[in-house]
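Q: Guided by the hints, dock chains B and C onto chain A, whose structure is given.
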Amino acid sequence: MAPVIHLRDVVALLGGFPALTGVDLDVDAAELVALVGANGAGKTTVLRVCAGLVPVDSGTASVLGEDLTRNGRAVRSRVGLLGPSGGLYDELTAMDNLRFFARAARVDPADVDRAAERFGITGRVADSPVVRLSTGQRRRVALASLVARRPQLWLLDEPHGGLDAEGRDLLDAVVLSAVASGATVVIASHDLDRTSALGCRHVTLAGGSVVEGGPDAA
Amino acid sequence: MSIGNGQSAGTPLATQDTRSVTGHPTTGSPATRVLGIIVLLCLPLVLWLSFVATPPDAVQGESVRLLYVHVPSVTVAYVACFVTFVASIMWLWKRSEWWDLVGSSAAEIGSVFTALTLVSGMIWGQITWGTAWEWDPRLTSTLFLFLLLVGYQALRAASPDRSSRSRRSAVIGLLLVPNILIVNRSVQWWRSLHQDATLFRTDLDFRIEGLMLFTWMFTTAVGMVLLVWLLFHRFRVGWLANRVEERQLSEAVAARRAEATP
Amino acid sequence: MLRDAMLVAGKDLRVEARTRVGLGQVAPFAVLVLVLFGFALDPDRGILEAATPGLFWITVLFASVLGVQRAYAVESGAGVRDALRLTSLSPGGMFLGKALALAVQLLAVELVLGVGVIVLYGADPAGWILLVGTALPATAGIAAAGSLSGVLAVGLRVRETLLPLLLLPVLAPVLLAATRAFEAALDGSPADGWPWAGLLALFAVVYVGCGIGLYGTVLEES
Chain A
9 MAPVIHLRDV
19 VALLGGFPAL
29 TGVDLDVDAA
39 ELVALVGANG
49 AGKTTVLRVC
59 AGLVPVDSGT
69 ASVLGEDLTR
79 NGRAVRSRVG
89 LLGPSGGLYD
99 ELTAMDNLRF
109 FARAARVDPA
119 DVDRAAERFG
129 ITGRVADSPV
139 VRLSTGQRRR
149 VALASLVARR
159 PQLWLLDEPH
169 GGLDAEGRDL
179 LDAVVLSAVA
189 SGATVVIASH
199 DLDRTSALGC
209 RHVTLAGGSV
219 VEGGPDAA
Chain B
22 MSIGNGQSAG
32 TPLATQDTRS
42 VTGHPTTGSP
52 ATRVLGIIVL
62 LCLPLVLWLS
72 FVATPPDAVQ
82 GESVRLLYVH
92 VPSVTVAYVA
102 CFVTFVASIM
112 WLWKRSEWWD
122 LVGSSAAEIG
132 SVFTALTLVS
142 GMIWGQITWG
152 TAWEWDPRLT
162 STLFLFLLLV
172 GYQALRAASP
182 DRSSRSRRSA
192 VIGLLLVPNI
202 LIVNRSVQWW
212 RSLHQDATLF
222 RTDLDFRIEG
232 LMLFTWMFTT
242 AVGMVLLVWL
252 LFHRFRVGWL
262 ANRVEERQLS
272 EAVAARRAEA
282 TP
Chain C
397 MLRDAMLVAG
407 KDLRVEARTR
417 VGLGQVAPFA
427 VLVLVLFGFA
437 LDPDRGILEA
447 ATPGLFWITV
457 LFASVLGVQR
467 AYAVESGAGV
477 RDALRLTSLS
487 PGGMFLGKAL
497 ALAVQLLAVE
507 LVLGVGVIVL
517 YGADPAGWIL
527 LVGTALPATA
537 GIAAAGSLSG
547 VLAVGLRVRE
557 TLLPLLLLPV
567 LAPVLLAATR
577 AFEAALDGSP
587 ADGWPWAGLL
597 ALFAVVYVGC
607 GIGLYGTVLE
617 ES
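Residue numbers (the working numbering), protein chains in the order written: chain A, 9 to 226; chain B, 22 to 283; chain C, 397 to 618.
In isolation and in its complexed conformation, chain A is listed as follows (with noise of 0.2 Å):
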């Protein structure tokens, strides 16, 4: 079976900004991967090519089957991504953000109500402005959005920042149950030990490209 992710000699460019200088990178389905690597090493960067959001100045690059060099926007609807700040409306409550991007991903809204119990938005933190949510709360906020979707690629950045120690273990656990159910999950993180426990295979980035853990090295 073709892998998830396969990029050779990817370059991104944003801005004039070389932020990715040759990635080399397979994920096959149904496997958990994290990206360690410095600040500034392309880990986030490596996570919005996949999710088709940046565009692929250079090399191959497909993501479940579709091509990013030449459609980058096939795939957006099919992964989910966790950026650092959540992407939510601050303005609006946090059930009325997960009612709008639920209604826009076309998701059934009983998976969402599902989903934002499970995270513990319910009473007062629902009905709350975002803006007026503890970063740990807007995490939860965001995580519920994805999980609600099922993508069948899950892209985190930093996910375990922000949230408590109940937070980092229910995350663990979708995350976990998300595998068995035959997603793919690349998290970007710093947090080595957490990713070890979740038995991440490791790769490590360092000046926009892949310098350990790479498709040749394995």
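Just so you know, these hints were derived from the structure itself, not from any lab. Bear in mind that the values here come from a model prediction, so they are computed numbers and not experimental data. We treat Cβ as the ideally placed atom computed from N, Cα and C, and that holds for glycine. Check each hint, because a few of them may be wrong.
Stated by the list, open to error - Which residues of chain C face chain A? A partial, calculated answer using Cβ under 10 Å: (1) Val417; (2) Gln421; (3) Arg477; (4) Thr483; (5) Ser484; (6) Leu485; (7) Glu616.
Unchecked claim - From chain A, some residues computed to sit far from chain C (all C-beta separations above 12 Å): (8) Ala110; (9) Ala134; (10) Val187.
A: Only chains B and C this time, still in chain A's reference frame:
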């Protein structure tokens, strides 16, 4: 976009070899040199025709000579804007660097000639009508065309990368023609409602014939050659700028790679 | 596409309902402009009365610049644009939704301004059928051109200053046509005004069409 290999396949406007004898990149080629020589040789002729050979107009007097500047520049301006419009449509269809550069080069030249049209029109208006500005439909739509072209270039200058530049400016380029048609139509209705006598002064209706007509057509023809000549050079400047940008980017990519892998 | 449009419009209006920036800031700003015109022009209402239609629409244009900026500011937050691009919303639907929400808010501002010119400038709202028949297509055109110009400036560091430069030359014919139609209505000669309303409708159709067709092109970039 490809990094590091700026191949010029399918780009007839781009010089295949952009190096002159001095070894520096140049925007000149035999074709542009011929065009340039034609323009330079014709300019004294244009001056002689419009200032010496042609007589002053019976009604307008000497001010008619301004029209030898005004009419060719308005023609060149509108042709250039139409080129931008077509190039924008072609870019939206083909998404090629070539059309992006044709559109942006023509827009830049077009804005210079619309400015020249406005200035010469206003000077002529001051002399003939006694007011620099009349809300004449053509002059007014040219003003809005100029403003939109200024916006087009501001948008390009503000866009961070080439893809964003091409996409956003193609949208404005496409709006040029519908906008000018709507502005022109609305100003025409507006003025006809007011029945403003100044617009319909009969002194506009002078007779054009003989040498004056020839001067007019000749100057317009020279203007068109000038447009093509400038378009070639501006296109090549843009093309070379893109190559420089690509080279800088691939150097930056290489430098960042080198830092990462000891 | 219509479903997406309603969803996006509903979301934008919900943001407005929760923050009341349009009602609490843009509408008062518009009334303030009317008052300032009053100061600048004439206290005995002679000039004001003659200039009412033009001042009304100039003020609407200013308010629309603010409205467009606000409409895009709510999703300038980090990650929101990414989140929107990861949905299956059609670009045409997103454009229509944005324009629709903007049009609703502009109509509210126009209503406030209408009361303002009646009270402050002593305008007599005769021929209200033509007034409404002008305001609807004019607002649709402003909202469509505004949403399209707004997305062109999204994400640029100079977006606040660039937007009016892109938007106002495009809206110039709307100002001209809507002012003439209002003049006709207030003068009690509505027959002169309807062709202008037709021109406004044509403008709206052109820009709604351009917006639906071109919105996706601009969104595609990162």
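Q: Which numbered hints are broken by the structure, listed smallest first?
A: 2 and 8
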